[in-house]
Every structure is written in structure tokens, then in C-alpha cells.
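Q: Starting from the known structure of chain X, fit chain P onto it as the hints suggest.
Residue strings, one per chain:
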Amino acid sequence: MEVESIPPQALEKIEQISSADLVVGILADLDREGIARLWDDLQDLPGSPRIAVLQNDKGAGPASPNPETAETGGLPFLVSWPFFRPDLTGAPMSSLFGAYQAVFAGGEKLGARACCVVASKLENAAPRWVSQLAQPLLEGEFDLILPRYARHKFEGLLNSSIISPLSRCLYGKRILNPMGPDLGVSQRLFRKMLSAGRNAPNNGIHALVSLASAASCANLQVYEIHLGARIYPPTDWANISSLIAQVLGPVFLEMERNAVCWQRVRGSGPVPANGEPVSVTQDTGNVDISRMVESFQLGNRDLQEIWSLVLPPATLFELRKLSRLPLEQFRMPDELWVRIIFDFALAHRLRTISRDHLLKSMTPLYLAWVASYAHDLETAGPTASEQRIERLSAAYESSKSYLVSRWRWPDRFNP
Amino acid sequence: MWDQVKQALAQSAARLLARFASLLPGMVALILAVVISIFLAFILAFVARRLLIRLRFGERLVEWGFSSPAESATKNAAVLVSRAIGGLVILVGFLIGITAFDAEWTFRLAQDALEYIPNVLGAALVFVVGSIVARFFARSVLISGVNMNFHYARLLSLGVKSLVIVLAGAMALEHLRIAPGVVQLAFGILFGGIVLALALAVGLGAKDFVTKSLQRDVEKPSNETVEDPLRHL
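Sequences listed follow chains X and P, in order. Quick note on numbering that gives the first Met the number 0: the first sequence kicks off at 0 and runs consecutively. Quick note on numbering that gives the first Met the number 0: the second sequence kicks off at 0 and runs consecutively.
One chain only, chain X, in its complex shape:
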């Protein structure tokens, strides 16, 4: 993100501040009390670092200051910044990714040693969690601080089914939430992200997606901290295919960009973590599996011509068998799901069909996995979900040779 794209009033305020040790970007919709708690937390940081807080400007114009937040607690270095512009392209995730880029740009302009992003509302939040994000960065020990949320078993399903285990398999680091969204980044890492964006501005890579992979490939230090339970937005079933396309598109692009790096990695190792896990109650309500199985069966009937361009015959045969199973026996094997993800990633790279069509046609398969997962965990205890995800992650790692073979020889290796 270039300096000239920083809104004028924000740029003026940043130039007044001139420098800061830590930049905190607030993307979450925090109320007055939340901001005050955040400031109290930041004031406890050792060394009294100079802190600038960039908050999303929800005013009428692109750079109009928010009088309410200006009065809140008399924050001296508060900069209002319109992170989220009206989304005309129907791609709200792009707006979110752009907000991270904006925070890093603000950090670069202020010469900050670290940037933190607060993007979630938490319940049962770990004490001083924001300063826990910032402190290791300011002390220069780590480059990327990522969260470990206390999660209900049916939350963060895209992350549990694809993003986290795929990242672990590719880059060899057992990161639970590679895409945060609450995170802390060192100067070294956010400058790397910004220069990658400048060198290839239209490459479709987004800072939030690239952070964990860039840190892993550059052998930077990654750390995790336990936060509370994140409050997730409710599922918009009408737009789930768009969500999948917007999230997985950059993930697959990142995979293509880092092919040289991940093909050398074997196995995975743990990432150091701090804090105590926060427990949550698991009263999660009923999951309607039949709707998702029906979606999968409809997809299997009508999308065969598209899936056959992406998936090998053996996988298509297993999907047909799966679609004929009754509801109570509906189980998608982990190995099948993993091979599907790898095949779609390869098809994304080869542009077998339009990338948007490719990712949206994955929706029934994803719903089949969710139905299978929900079926497995419907009556299971709180630790069962972690064991289930661990088994899935192990399946990703054990199938990596399949991915490498197909990636290197897509025409010759097609089982």
C-alpha cells in the first residue's frame, strides 16, 4: 500500500505523531468500554512504548474524524482510518485483507517496531491479551504472534477443515489459526509483506493470508497465545460459496507462490505457546446434517462434468459411493477430503477452469465434510473435536507425497 493511498486526514495525523514503537489497528467494532480496556491493557506494557492506535472510521466521509472515539479516554495517538470501504465488488474479504495492509502501511509510516491487529470481539478473554500480542514483538524475540481461541466444536470450520491443517502440512508449523485474525507482526515481517505487495500489486496475494507462510518460509519466529472464545458472525448460508472462494483463492495463490518452499518441508513441529487455555461450555445446539448431505448429493448429480475436470476417477468413484450412503452412515474419510483439497489446489494453479467457478463448485464437497464432521462430534465431549482435527491434520501430512507428485507431474500422475 503506497503512502499516497493513505487517506489525507489520517496521513496528517500520522505526520503529527511522526513515530511510534507500536501500532495497534482496531478492526473490531469495539464500544467505548472496549477501547478503554484496551488502552489500560496497553499502558501496562513494560518500557512505556509510544503507541498509535488506528481505529476504523465509521463516519460519513472517508477521512472524517470520529468525535466519539476522540473523546474516549483522551487517547493522544488515535488515528481514524476508514479501513472498510463500501464493498461494490461483492468481496468483503478483500476489504478485510486490505485493512491489514493499511495497518502495516501505518506502521511503516510511523517506523513502528511492531503492529498488532485487534479484529475480534472475545468472550471470557484472557487477561491482558492485547499486551500479550505486543510484548514479545517489542522485546524482539518473535516475528509473528498468532491466537489460539477457545473454540466450540462447530466454530471456525473453514480453518479447521482446510486452512490450519493445510498450512501445517505445507510449511511444517502446527499453527492453529494461520489467518488470525487477531495477531501481532514484527517490523521485519510487515515490511516484507508491504514490499511483496508493492513488487507485484495485482498478484492476488493478501497480507493476512501470507503472514504465516512468509514467516515459515523465511524461518522467522512464530508464537501463539491463548485468547478467549471468539464471537463468530452467524453463517450466511446464501453466500457460503462466495466465502469459500474469497478465502481459498488467496490461500491457493499463496501455495503456488511458495511451491519451492513447501515441497522441501517434511513433517511438522509445534509452535511455542503462552498462557492457559480458556475453557468454554459446549452447549452448541442442533446441527441440521440432512440439508448439507442433500446439497452434496445435488452437487454430485449436477456438477460431475465440472468435478471430472479437477478430480481423478478414483476420487469421483468414492464421491459417488458416498452420495449413496444413508444419513446415519454418512462419513467422508479424511484421506478423501485431503485429496480433494490437493486436487482443487492443483486445478487452481493449472487454471483448468475459471478459478471462480472452480472454488464455488467446491461448496457441496465442503458441506459434505462439515456434515461428516458434525455427525462424528454430535454427541462427543469437548476434547473430541481437538482429537478429530488432529487426525485430519495427520491425514494432510501423510498425503503430502500425493500433492507433491501431482504438483510436479500433473499430466503423468493422475490416479
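A portion of the hints provided could be inaccurate.
Looking from chain P toward chain X, a few residues come up when the C-beta cut is under 8 Å (computed) [said to hold, decoys possible]:
| # | residue |
| --- | --- |
| 1 | Ser139 |
| 2 | Arg153 |
| 3 | Pro228 |
| 4 | His231 |
| 5 | Leu232 |
Hints are computed from structural coordinates only; laboratory data are not their basis. Note that beta-carbon positions come from the ideal geometry of N, C-alpha and C, so glycine has one too.
A: Just chain P, lined up with the frame of chain X:
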């Protein structure tokens, strides 16, 4: 009398031979033009085929939904296009050869044919672009329909594809100036028929869906909301 008969025969034979002799250069020119055009067509077709295979023309067609991913189908696409280019070159050579005959009708035939070639190319381009667009829209509608749990998504997709192809076909025929009045009328009837069929299919097929949606909207305030516990991101 026999002398007069012999003279008449000799004169008619001489006229015929003279006439044939006057056509001979034209025929030789025609044969030469066709032979050269066949030779050029062979070279151009070979170059075009190699170029299309190198550009992965077949894979592009598969991406656009034109053919199956089988290797034979993708190679056949390049062969088909290269043969079409060769045929066009031979046709142009034949027309050039025909104009060698010093006759007005051959000249006008060649001129009209050469003037018609841009119409043919324009029509082909319109139809090809229309087909690509039709297949893209059909695939978009199919995927969106399936993701919205429409059981008639395939029918909808086929309808959209047919609509766009019929439109492209009518535009191509108008370019070719083939029975424009008939084509317009036939297009209007066909297009209207397809739209009516789609409207009936969607309207009747989605009747239950709309009823249930309206019922859900009416009953929602009085019922306890059962929260879906699934969270994806």
C-alpha cells in the same frame, strides 16, 4: 455439296478449337492457382496446427467448456481449425483462378464471393464468441443453482445456454444475409418460447420453495429461533 459440308465442318471445328484455345490459358491459370493454393494451404495448415498445439488451444477449449479433456478431442480441435484455414486458402486460390477466364460472369462470381468472405468470417466470430459466452453463463448458473439447492439447476443452465446460443446464431445468420425476415421471425418465436418455458419451469418448480420461504418469514417472529451452531470463519 460435299465440299460445302466439309468447309462448314472445318469452320466449326476451327471455331471450337479457337474457342478452346482461348480458354486454355485461363484453365491452365486456374489449375496453377489451385495447385499453388493447395501447396500454401498445406503449409499454413501445418503451421497453424503446430502453433495451436503449442498454445494449448485444446486445453483452452476445455476450460471454456467446449470439449472433453480427452487428449484426442483436444488435438482434434487444432486439426479442425488448421483444416478450416487450409480450406479457406484453397477457396481463395480457386476464386483467383476463375478470374483468369476473361469473362464477365467469372469476374463477378469471384468478386461477389470475395466480398462475402468478411461476412462469413464475421458470422463465424460472432457464433464462436456467443458459444463461449453461452458456456460460461451456463456453468455460472449451474454452479450457483446447485449451491442454492435448486433441483432444477441443470435445466436452468441448459435454458440459459440455449438462449445465448440462439441469440448468437441469429446474429450470425443476419451477418450472412440468409433469409433475414425468416430468421428474425424464427428467432423471436424461439427466444420467446425458451423464455416462457424457463419461466414456467422456474415458477412451477419453485412454487413449493416460495411457499415455504413465505411461511418461514411469517412464522419466524412467533417461533423460538433455533440457532444454527455452525460457524465457518
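Q: Against this structure, judge whether each hint is valid.
A: How the hints compare with the structure:
no. : hint   : result
1   : Ser139 : holds (7 Å)
2   : Arg153 : holds (5 Å)
3   : Pro228 : holds (4 Å)
4   : His231 : holds (5 Å)
5   : Leu232 : holds (5 Å)
Comparing the model with each earlier hint shows no violations; every hint is respected.
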